[in-house]
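Colleague: Residues per chain are reported as follows:
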Amino acid sequence: MMQEEANEATSVLSVYGHTIKVTEVLQDGDTLTFIIVSQKLSGTGEYHVDRTYEDFEWLQQHLYAQEDVPGLQGVIFPPLPVRPQVNASAKVMKQLGFLGLGEWQPYCKALETFLRQVAAHSILRKNKTVEVFLTSTDPPGRQKLRRNIFNRLSQAVEGLWKEGHKDVDEFFHTERDHNLVLTGHTRTAAEKFLDVVLTEQKIAVACGHFAAALHICVENGEDPEKKAFSRVCVKLSEVFDSIKKNMTSIAVNDMNTLGLALDLDSRYLEAEKEMLFRRTCKLVELENARKNAERAKPVKKNAMEEVKKAAEGEFEQICKVAKQEIVQLNQERVEMLQKNLIQWCEQQLQTAKEGADAYNQHLQAFIAMA
Amino acid sequence: MDDLQMKQLPRCLERTEPASLSAVDISTNSNGPKQDSFFDDDNEDLFAEATEEVSLDSPERDVLLSDGPSPAITPITPPTSVITPRIGNTHDDMFTHSSFDEVEEEEGGDSFDIHLSVSDPEKIGDGMNAYMAYKVTTKTSMSLFKQRDFSVKRRFSDFLGLHSKLASKYLHIGYIVPPAPEKSIVGMTKVKVGKEDQSSNEFVEKRRSALERYLMRTVKHPILLKDPDVLQFLESSELPRAVNTQALSSAGILRMVNKAADAVNKMTIKMNESDAWFEEKQQHFENLDIQLKKLHASVESLVCHRKELSVNTAQFAKSAAMLGNSEDHTALSRALSQLAEVEEKIDQLHQDQANADLYLFSELLGDYVRLISAVKGVFDQRMKTWQKWQDSQMLLQKKREAEAKLQFTNKPDKLQQAKDEIKELEGKVQQGERDFEQISKTIRKEVSRFEKERVKDFKMIIVKYLESLVQTQQQLIKYWEAFLPEAKAIS
Chain D
1 MMQEEANEAT
11 SVLSVYGHTI
21 KVTEVLQDGD
31 TLTFIIVSQK
41 LSGTGEYHVD
51 RTYEDFEWLQ
61 QHLYAQEDVP
71 GLQGVIFPPL
81 PVRPQVNASA
91 KVMKQLGFLG
101 LGEWQPYCKA
111 LETFLRQVAA
121 HSILRKNKTV
131 EVFLTSTDPP
141 GRQKLRRNIF
151 NRLSQAVEGL
161 WKEGHKDVDE
171 FFHTERDHNL
181 VLTGHTRTAA
191 EKFLDVVLTE
201 QKIAVACGHF
211 AAALHICVEN
221 GEDPEKKAFS
231 RVCVKLSEVF
241 DSIKKNMTSI
251 AVNDMNTLGL
261 ALDLDSRYLE
271 AEKEMLFRRT
281 CKLVELENAR
291 KNAERAKPVK
301 KNAMEEVKKA
311 AEGEFEQICK
321 VAKQEIVQLN
331 QERVEMLQKN
341 LIQWCEQQLQ
351 TAKEGADAYN
361 QHLQAFIAMA
Chain A
1 MDDLQMKQLP
11 RCLERTEPAS
21 LSAVDISTNS
31 NGPKQDSFFD
41 DDNEDLFAEA
51 TEEVSLDSPE
61 RDVLLSDGPS
71 PAITPITPPT
81 SVITPRIGNT
91 HDDMFTHSSF
101 DEVEEEEGGD
111 SFDIHLSVSD
121 PEKIGDGMNA
131 YMAYKVTTKT
141 SMSLFKQRDF
151 SVKRRFSDFL
161 GLHSKLASKY
171 LHIGYIVPPA
181 PEKSIVGMTK
191 VKVGKEDQSS
201 NEFVEKRRSA
211 LERYLMRTVK
221 HPILLKDPDV
231 LQFLESSELP
241 RAVNTQALSS
251 AGILRMVNKA
261 ADAVNKMTIK
271 MNESDAWFEE
281 KQQHFENLDI
291 QLKKLHASVE
301 SLVCHRKELS
311 VNTAQFAKSA
321 AMLGNSEDHT
331 ALSRALSQLA
341 EVEEKIDQLH
351 QDQANADLYL
361 FSELLGDYVR
371 LISAVKGVFD
381 QRMKTWQKWQ
391 DSQMLLQKKR
401 EAEAKLQFTN
411 KPDKLQQAKD
421 EIKELEGKVQ
431 QGERDFEQIS
441 KTIRKEVSRF
451 EKERVKDFKM
461 IIVKYLESLV
471 QTQQQLIKYW
481 EAFLPEAKAI
491 S
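Quick note, the sequences are listed as chains D and A, same order.
For the first sequence, the UniProt record's numbering assigns the number 1 to the initial residue and increments by one for each residue that follows.
For the second sequence, the UniProt record's numbering assigns the number 1 to the initial residue and increments by one for each residue that follows.
Pulled out of the complex, with its shape left as it was, chain A reads as follows:
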C-alpha cells in the first residue's frame, strides 16, 4: 500500500495546533479507538487496515463501491476534450492534466482567488512498495501564500494525513471537513503490479480527479484555508510522513465519530431539542442521504449501459466491415465499409459520453454521499457537546448538594475542597454552555455554506455535462452528414 512506505520521508509526525482553538480529542467513549492511535508510531498492520477498509458495517461502504470492479472488458479511453470545462484552460487532455476551477468570493479583505490542480500521476517504485505521486499546483494572488505560482509532490497518504489533522481539529467544533477520497486496495494493487490496462488507467484518473475536488472543497472553506496544515500541505516541499494509516482513513474517522454518536444515542437522556431548526435539518440530511445514494446507483447503472453500448457498437462495426468486404457490388461494398467506419467513430463518442456520465455525475454524487456523512457527523458532535455540558451541570448539582451537607459537618478542609471543586465546575458548565452555543452557531453557518455550495457544484457539473452532450450531438451530426452522400451513391 502506498501509505505504508516510510523510506523517503522522516518518520516523525508533527502535531500542529490551530492558532485559536485547543485540540480536543474526538473520541470520549470506550467505543471508539483509543486516542493514542492518532499519534502512534507503531508499525501498521496491513491486514487490520484491509479489514477496516472492507468492513460491512461501514456507513461509507456504498461509497467504496464506486471504486469497485467495473465492467472490465470495456476499453475506456481517457476523457478527451469533450468534457473540458469552459473556463479558461491551457490543457486539453484531461488525462495527464486537470481541470481548473475558479471561484470568486469576498472574504474579508483578501478576495478568494486560488487555482488548484492535481496532475501528472507518476508511479514511484516497483511492486508492492510502489505508490503514485501527484503534482499539486497552486496559482494564487492571496497574501496567505508566500508565492504566487508553485507546486509540490504529494502522495495519496499525504492527502489522508491532511484530512485527519483537519478532522481532529475542526470536526468536534462543528465544521464540515470535506472527506478525502476513499482508499482502494483493488485499484492500487493493479497499479502497483504494473497492470497498464484501461481499468487501472480509469482508476488513476478517477483518483486524481477526486483528490483535486477534495482539495478545492477544502480551500474553499474560509476557515480551513487559513489552517497552517493546509498551507503547509500546499507549499512545503517536504511533508512529514503520516504514519498510522488506520487512523488516516476518512471513512475510519467518520466511523469513529459516528460510533461515538451512536453511543450517545443509546443513552436514555435525550437531548431537548429546543431548536426546531436543528431537528428539521437533521431529518433533511437523513433524507438527502437516501436520495443521493439512489441517484448515485441510478447513474452507475446508466454508465454501465453506456459502456455496453460502446462494446456493442464496436462489434457491429466489425460485422458491417466484414459484410462490406464480401459484397460484390462495388458501391454497396464501399457504403457498408463507410458504415463500419461511422459506427466506429460513434463508438468513440459513446465512450466519451460514458466518461462524461461517469466523471461528472457519478463522482459528484459519490462526493456528496461522503459529504453528507461529514455533515451528519457534525450534528452528532453538537449532541455530544450538549451532553458534555449536561454532564457538567449534573455533576455541579451533585457537588452543590454534597457541599450543602458538608456545611453541617466540622470538616473545614473538605468544605474548602468542595467549594474549590464547585468553582471549577461552574467554570466548566459555563464553558460547556458556550461551547454548545458556539457549535450550534457554527453549524448553522456551515449548513448554509454547504447548501449554497451544493447548488453551485451541481449547476457547474450540469453545465459541463450539457456542454458535453451538445458537443457529442454536433459531432454525430457531422458523421451522419458525411455518410449520407455515400449511401446515396450506391446505385
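With the rest of the complex left out, here is chain D:
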C-alpha cells in the first residue's frame, strides 16, 4: 500500500488524462513547439499549453528523481520518444523510425500517448510536475536536475555484467529472459515494417511520375488517331493517379496503426528492460550489503545491519511495484496490439475496397472507349 494518502489531497491531476491531445506542432527554424490540450475535471473548459521537447525532458527528469516514493525504481516509466530534429540526419531518422515519418503527426501521437500514460499511472500522476506541465501557461523551468538516479550513463558505467546476474525469484528470472527475446523481435519487426512502408511510399511517387509522363504524350491535333491515343494517355494517367492514391492510403494506414503500435511496443519493452536492470542492480547491492553485514567487525556491525535492513526494505518495495507493473504492462500490451491490429485490418480492408471500386470504374471506362 502506498502511503501517499497524505499527498493525494495536494497532488491530484485536475484534467481528464484520457482527453490529453497534442493537437499541433509549430515549426520555427529548428525549434518544434507542441500544443497540448486537455479537458478540465471541473468541466469548465480546456487547458491549452505549448511545450518544447526540453519541457518534456524536464517532466521526465522530475518523474525519475522523485523522492519518498517507495519502490519507484520498480516503475516501468512510459517511454519518451527520442529528440526530434528538423531536417534530420540519416542517423536520427533511423532512430526515430516511424516517428520520423509524415510531417511529425506520428511523433505528436507518440508524445500524446506518453502524456496519457503518465497521467494514467497511479504513482506518477501524483507528482505535481505533471499538473504543472499540463496546466501552467508559462513553460516549466528548464534547469537540469543534478541528482538523477536513472541517468543512463551511470547505468552503463555500472556494468552490463549485472544484466546477466542470476536472479533469486522465479517470476523475475522468467520475465527477464522473456523480455530480452521479445524486445529483440519487436524491434526487428518494427524495423522491417518501416522498410515496407518506405517502399510503399516510393511506389506512390513512381506512379505519380508515370502519370505525369503520360500527360506529356498528349498530342494536339484533329487527327482522329491522335485524339484517340491522347485520350488513352489521359485515361491511363488517371489510372496511375488512382494507384498512387491507393498506395499512399495503404502506407498511411500502416503508419498510423500497426507502425505506431510496433514502435510503442518496442519502446515500452525497452522501458521494462531498464526497470528490470535497475532491480537487478538493487539485488546486487542487497547481496553486497548482506555480505558486508555478515563479515563486519563488531564495531561496524550495527551500521552494516542498518544498511542491510534498508536495502532489504527497498528491494522488497521495488519487487512489489515491479510485479504489478509487469502484470499491467503485459495486459496493456496485448490490448494495445489487438486494438491496433483490428484498426489496421479495418482500414486496409476499407482501402482495398475503395481501390477495387476505383479500378473497376476505370476498367469499365476503358472497355466502353472501344
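The hints are simulated quantities; they were obtained by calculation from the structure and are not laboratory data.
Remember, predicted model here, so these are calculated numbers, not experimental data.
Don't take every hint at face value.
Reference excerpt, derived from the structure (chain D facing chain A, CB under 7 Å, subset only) [unchecked claim]: (1) Val-196; (2) Ile-216; (3) Ala-228; (4) Cys-345; (5) Ala-352; (6) Tyr-359.
Okay, the calculated beta carbon distance ranges per label pair [to be verified]: (7) A/Met-142 <-> D/Glu-354: 43 to 51 Å; (8) D/Glu-354 <-> A/Val-193: 43 to 51 Å; (9) A/Ser-111 <-> D/Asp-223: 24 to 32 Å; (10) A/Gln-474 <-> D/Ile-35: 36 to 44 Å.
From the three backbone atoms N, C-alpha and C, an ideal C-beta is built for every residue, glycine too.
Dock chain A against chain D, hints included.
Modeller: Relative to the frame of chain D, chain A by itself:
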C-alpha cells in the same frame, strides 16, 4: 550463342524473292556494311557480334537495357492467371504456355483470322552450344495456309532470320517491318550454363512473350502476312539455317539503315519537303521516341520498387512470425502468426503485380520504342528514294547537255551512245519518280495503320492491366476479411 550452331539444319541460305517486288539492296553507301554480308557463308566471329551487340552508339541501346541486369535478389515467380487475357484461353499458366490474341479485320475476301502462340521453351543441347527452341502454333481459317491447325519448332535465330529477310524486301519501299526482339548475351549465357534461377526464368518468359508479340505484329500486316518467307516460317517443318548472325540482328539492320540515312543528311542537298504531312509526321515521331523512352524508364523504376516491396514484405512476414512465436499470450501469438501468413500472401500478390507491370507495360513500351526506330527508318528510306530520283535527274541533265554539245561534233557513234544513255536515264528518272510517289503513298498508309494499331495495342494492354489490378484488390479484400476475426479474437 544459339544462332551460331549449324549442326542440325542445312547450311544453305535461301533467297526468296517477293512476287511483285524486286529485291534492292538497302545499303548504297560506303558507310553501311557491304551488301555481300547478307549472303555470306563465312564463319561468324563471335566477338564481332558481341561488339555489335553492346556498342554504345546504337540507337537501340535503351532497348537493350530492358533485357539487362534486374535486381537479381528478388524471387520472381512466373506470372500466374492474374494476367491471363480475358479472351478465351485454354491455358492458365502463362509460363509454359502463352496468350492468344484474336483480331478481326476485313482484308479483301479472306477476313483476318489467325491465332498465334509461341510456347514450350525447351533447352536443346548443353553448355555454350545450347539454345532454346520454341513451339510456334498457328490456328487459322484463312485460305493462305495449307492447314488449319499446325505447329513448328523454331529457335531465336530463325525469328531474326525472318526479320532480316522481310527488312531487306520491304523496308526500302516504305513498309514498317516490325523489329524482332533483341539478342541478349547475358540472358542467353545464363540459360546455356544451366542456371535455373528466377532471373533466367524471367528472361526466358520475357523472350517467349516478345517473340509472340513480334510474330503477331508481323502477321497483322496485310502485306507481310502474304509473304512466302512468313508462310514458310509458320508452316515449314524445317527451316534453312540463317547463317550470318551479324546481319540478322534487327538492331544491326536498323543501324545500317539509319547510318545510311545519316549519310544522306550530311549531304548539302536538302530535300524539298513539299509535303507538309511528312514534315509534321517526322517531327511527331521524333517526339514520340523521346516520350516513350521516358515512359519506359518510368515503368522500369516502378517495377523495381514493386520487387523491392515484395522482398520487404517477405522479411516483415518472417519477423512477425518470430514475434508470434515468442509471445506468451496465446491469442496474440496466434494473431501474429496469422499476420505473418497474411503478409506472405500479400507478398505473393506484390510479385504478381510487379510481373503485370513488367510484362504488360514495360514490354509494350519497349516494343514501341523499337517500332518507332523502324518507322523513322522508313522515313529515311523515302529520303533516299528521293535522293536517288534527284541524282538520276541531275545525271540526265548532264547527259542532255553533253549530247547537245556532241551535236556540233562529227562523232555519230558517240552521239548515238549519248542518245541511248539519255533514253535509259529518262526511264530511270521516271522510275525514280514513280518509286518516290509509291513509297510516299505506302508510308502514309503504313503510318495510318501504325497509329490505329497503337491505339488498339495500348487499349488492350491497359484493359489487361486493369483486370489484374481489380483481381489483386479483390484478393486483398479476401485476405483482410479473413484476418479481421483473428485480430478481434485476441483478448
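Colleague: For this structure, which hints from the list above don't hold up?
Modeller: none
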